[in-house]
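**Student:** Read off the chains here:
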Amino acid sequence: MSHLSPFQIFLLLSIVKIAVVLVILLTTVAYTVLLERKVLGHIQNRWGPSRVGPFGLLQPLADGIKLFLKEDLMPLAAERPLFVIAPIIALTCALISIAVVPFGAVHRIHGVDIFAITDINIGLLVILGITSIGVYGIALSGWSSNNKFSLLGSLRATSQMVSYELALGLSLVGVVLRAQSLSLRTIVESQSAHGLLSWNFFGGYQFVAFFIYLMAAYAETNRAPFDLPEAESELVAGYHTEYSSMKFAMFFMAEYANMVIVSCVATLMFFGGASSPFGNLIPAFGGAVVQALLPVFWFVVKVFAFLLLYIWVRGTLPRFRYDQLMSFGWKFLLPLAMANIIITSLVLALHG
Amino acid sequence: MAAQVPTAYYLVLAAILFSIGVGSFLIKRNIITIFISIELMLNAVNLTFVAFAHQWHQISGQIFVFFVMVVAAAEAAVGLAIIIAIFRTRQTLNVDQIDLMKL
Amino acid sequence: MQLALFIIFGALAVAGALNLLLQRHPINSALSLVVVMMSLAVLYWSLGAEFLAAAQVIVYSGAIMVLFVFVIMLLNAGKEEKTTGSRAAYIAGFPGAAAIFCLLTFVFLSEQKALGVANLGGHLNSGLNNIEELSRVLFTKLLLPFEVTSVLILVAILGAVVLARKEDQ
Chain A
-13 MSHLSPFQIF LLLSIVKIAV VLVILLTTVA YTVLLERKVL GHIQNRWGPS
37 RVGPFGLLQP LADGIKLFLK EDLMPLAAER PLFVIAPIIA LTCALISIAV
87 VPFGAVHRIH GVDIFAITDI NIGLLVILGI TSIGVYGIAL SGWSSNNKFS
137 LLGSLRATSQ MVSYELALGL SLVGVVLRAQ SLSLRTIVES QSAHGLLSWN
187 FFGGYQFVAF FIYLMAAYAE TNRAPFDLPE AESELVAGYH TEYSSMKFAM
237 FFMAEYANMV IVSCVATLMF FGGASSPFGN LIPAFGGAVV QALLPVFWFV
287 VKVFAFLLLY IWVRGTLPRF RYDQLMSFGW KFLLPLAMAN IIITSLVLAL
337 HG
Chain B
515 MAAQVPTAYY LVLAAILFSI GVGSFLIKRN IITIFISIEL MLNAVNLTFV
565 AFAHQWHQIS GQIFVFFVMV VAAAEAAVGL AIIIAIFRTR QTLNVDQIDL
615 MKL
Chain C
17 MQLALFIIFG ALAVAGALNL LLQRHPINSA LSLVVVMMSL AVLYWSLGAE
67 FLAAAQVIVY SGAIMVLFVF VIMLLNAGKE EKTTGSRAAY IAGFPGAAAI
117 FCLLTFVFLS EQKALGVANL GGHLNSGLNN IEELSRVLFT KLLLPFEVTS
167 VLILVAILGA VVLARKEDQ
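Those protein sequences? They're chains A, B and C, same order as listed. Counting from -13, one number per residue, gives the positions in the first sequence under this note's numbering. Counting from 515, one number per residue, gives the positions in the second sequence under this note's numbering. Counting from 17, one number per residue, gives the positions in the third sequence under this note's numbering.
Check the hints yourself; a few may be wrong.
Stated by the list, open to error - With a straight-line Cα cutoff of 27 Å, these simulated DSSO-like cross-link-like pairs (lysine-lysine) come out: (1) LYS317(A) - LYS182(C); (2) LYS56(A) - LYS24(A); (3) LYS182(C) - LYS134(A).
By construction, these hints were calculated from the structure, which means they are not laboratory data.
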């Protein structure tokens, strides 16, 4: 690679990184769907998908082919440009956030960090910003399909996401106060000193913040028990009632990609990101490659655990009522998040 | 790589945005669109603040923008509440039909 | 790089603003404003104001404009119709806007000598990062204004709740 200038190497490696991460993310999304159907099946004492391939492992592929080949219906009364652009906004915003997530320890090849697409000093704010833009996809989809159920679903989704964004943002402030940085790398490093004990969840006493984050994140991704925007029993399918074929698939992928992102952020902020839970207790083993891939393994395990938790919650809890949802967000989560910030900053001011 | 942009260009861009905002504020008849044009003008002014903050290496310009954002948020909340109240009593959003103080 | 960013996102902002002016449906105008705001956020970032770029996206496009879109959806606002008032507005509007534009541009370009150039990565008076610097000033020198704005927001929330409440209860 010596005949390439540093900038060209940077460009090349970045493109390769983006492609690899995108492929992995989309595969994860596809298999999260299968995982959800399998686990939900077992929770409800049935098998879940088991026909296509061994243990139903090829089911995502079959689903993908089916969705690709379906007829793409365009409702007559729909607002055409917005109707088309809404799922694109939703999916793009869901996929972009992965760009700032570091999923391994710092490991440089030719001066390029290979285990994160980019590390910027306002990484956390970027994730929050992109999440807040994602609301448009849902809001516009409901409005442009010109269907009352869609509109109701998207009004619900918009107000729910805007309300819970506050609690979500505030729950992360405690972590930022502890790490004194908004860069996700620095936040992870601030928790990697003593393994499990220095994670924000255990050592940082941020478990209140974590539970606030968890609940706000469930609401933010429109998942059970906050899945009112697409409540089947009330609104047909909510904001994506009128969508078919790939446009529907885009919403579907956006939902699961958002789940993955939210799990990534929870891992980074509260569970030490890619750092090992045992700290330095395990002696280093294997070669350099194993040592480089071990943090990625821990990261993936943690994210996977959060995805399982998502599915478990969906299989267990009933749906909230709309007024309960709003009063829970505004009257319980928000004050609790503020109290958490005040206590954290007081403790840091007295001890830090 | 180090192509530089004169600060004046940023200011001219802000001027363009501001005048478009003024124009659409005067021309539009829908009360929501008029409100949107006000936001556009605020944004244009914010750009000049940031450009000058960069120019003179002063943080105060950015702080001004921060306060403008806060005020814009408060303004949007109250303004949209007023619009909803107006729509509820008059069933219209056209400013030409909202020219009386009482019904 | 600075020039490329400026040209691309400046053009995008102007295009968004023009689209705002030309569209007849409020929701299209609102979405064009979102485009303007996003491109302005990139310009802020290129001018060394990272926090403001993020705040622009989160507060303006993520909260304020969502509120606008929400209200447009809620009221089901249709296309605006032309009235007698709009002709008068056309007569006053375009010359007025053009005059303001000419005046501002003339002043800015004639003062171009006194102004410098902007380059990527140029930073403010110290080497600290933008957020640290901003918060240091905000929470020491400008603490009182900061607290006053929080009271302002509280008042605005109360005002909005009172205004938008149904009166029949």
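**Student:** Indicate, hint by hint, whether the structure satisfies it.
**Tutor:** Evaluation of the provided hints:
Distance hint between LYS317(A) and LYS182(C) is fulfilled; the C-alpha atoms sit about 21 Å from each other, no more than 27 Å. Between LYS56(A) and LYS24(A) the CA atoms are separated by roughly 24 Å; this keeps the pair inside 27 Å, and the hint holds. With a C-alpha separation of about 22 Å, the suggested pair LYS182(C) and LYS134(A) falls inside the 27 Å cut-off, and the hint holds.
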